[in-house]
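Once you've looked at the hints, dock chain V against the given chain X.
Listed below, chain by chain, are the residues.
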Amino acid sequence: NAGVTQTPKFRVLKTGQSMTLLCAQDMNHEYMYWYRQDPGMGLRLIHYSVGEGTTAKGEVPDGYNVSRLKKQNFLLGLESAAPSQTSVYFCASTPAGRTAGVNYEQYFGPGTRLTVT
Amino acid sequence: ELKVEQNPLFLSMQEGKNYTIYCNYSTTSDRLYWYRQDPGKSLESLFVLLSNGAVKQEGRLMASLDTKARLSTLHITAAVHDLSATYFCAVIPQGAQKLVFGQGTRLTINP
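For the protein sequence lines, the chains are X and V, in the order given.
First residue of the first sequence: 1, per the working numbering; consecutive thereafter.
First residue of the second sequence: 1001, per the working numbering; consecutive thereafter.
Hint data in this document are derived by calculation from the structure and do not stem from the laboratory.
Fair warning: this is a prediction, and the values are worked out from it, not measured in the lab.
Positions of the beta carbon are idealized from the N, C-alpha and C atoms, including for glycine.
With a Cα cut of at most 27 Å, we get these calculated BS3-like pairs of lysine-lysine:
id : chain 1 : residue 1 : chain 2 : residue 2
1  : V       : Lys1041   : X       : Lys71
2  : X       : Lys9      : X       : Lys57
3  : X       : Lys57     : V       : Lys1041
4  : V       : Lys1098   : X       : Lys57
5  : V       : Lys1098   : X       : Lys70
6  : X       : Lys71     : V       : Lys1098
7  : X       : Lys14     : V       : Lys1041
8  : V       : Lys1041   : X       : Lys9
9  : V       : Lys1003   : X       : Lys57
10 : V       : Lys1098   : X       : Lys9
Chain X is faced by these chain V residues, among others (derived, beta-carbon under 8 Å):
id : residue
11 : Tyr1033
12 : Leu1043
13 : Ser1045
14 : Val1048
15 : Leu1050
16 : Phe1088
17 : Gln1097
18 : Lys1098
19 : Leu1099
20 : Gly1102
21 : Gln1103
Which stretches of chain X does chain V cover? Using the computed rule of at least three CB atoms under 8 Å from a CB of chain V, they are:
id : segment
22 : 43 to 50
23 : 105 to 117
The following block holds chain X by itself, in its conformation from the complex (with noise of 0.2 Å):
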């Protein structure tokens, strides 16, 4: 049992250059989610989604696109990268539903660290 994976690690992209990272659950997790990480900050959420075949936009959702095909896998795309989008991305994945006093704890990945020159 993995867990949540990320992949990759590390990444250096050119600014205009585009890329993918995925981020893979063998949970069977309902939620998955995306943040990035900034200096000093707490992580803000990108993009999100409820279950296979549904996104929703975050609080920072602006330049990136997601895709959930399969249930497993949350796919998050950068298509034209910028410097401002150097961060460390964090995939995370929950259980489904919300119910009173259930705890649906969030489970986290390592990490991606982007860097855009």
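Then chain V, alone, in the frame of chain X:
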């Protein structure tokens, strides 16, 4: 829009001392999470607080939740160097399915 504020943002303390980190949030929520992050690492779940008055303890860390005051505290007792890390609180607003994080508290414990 839910805002989550932690204070202090930076805390340097000596081993053996006690201290408290505060987490305030601006709208109704019935669940609050505390995470620990070591430099260059991912987030590790510490506590999940699901109801008013909830208190959880693990070793030298104790977390509590007051939903009426919209306040959670993370208390450190007799700090040791191994507790040096950044601590985040995060809140799920009622009716939402996403976490909103505080800015984090960078804790440094000196021998």
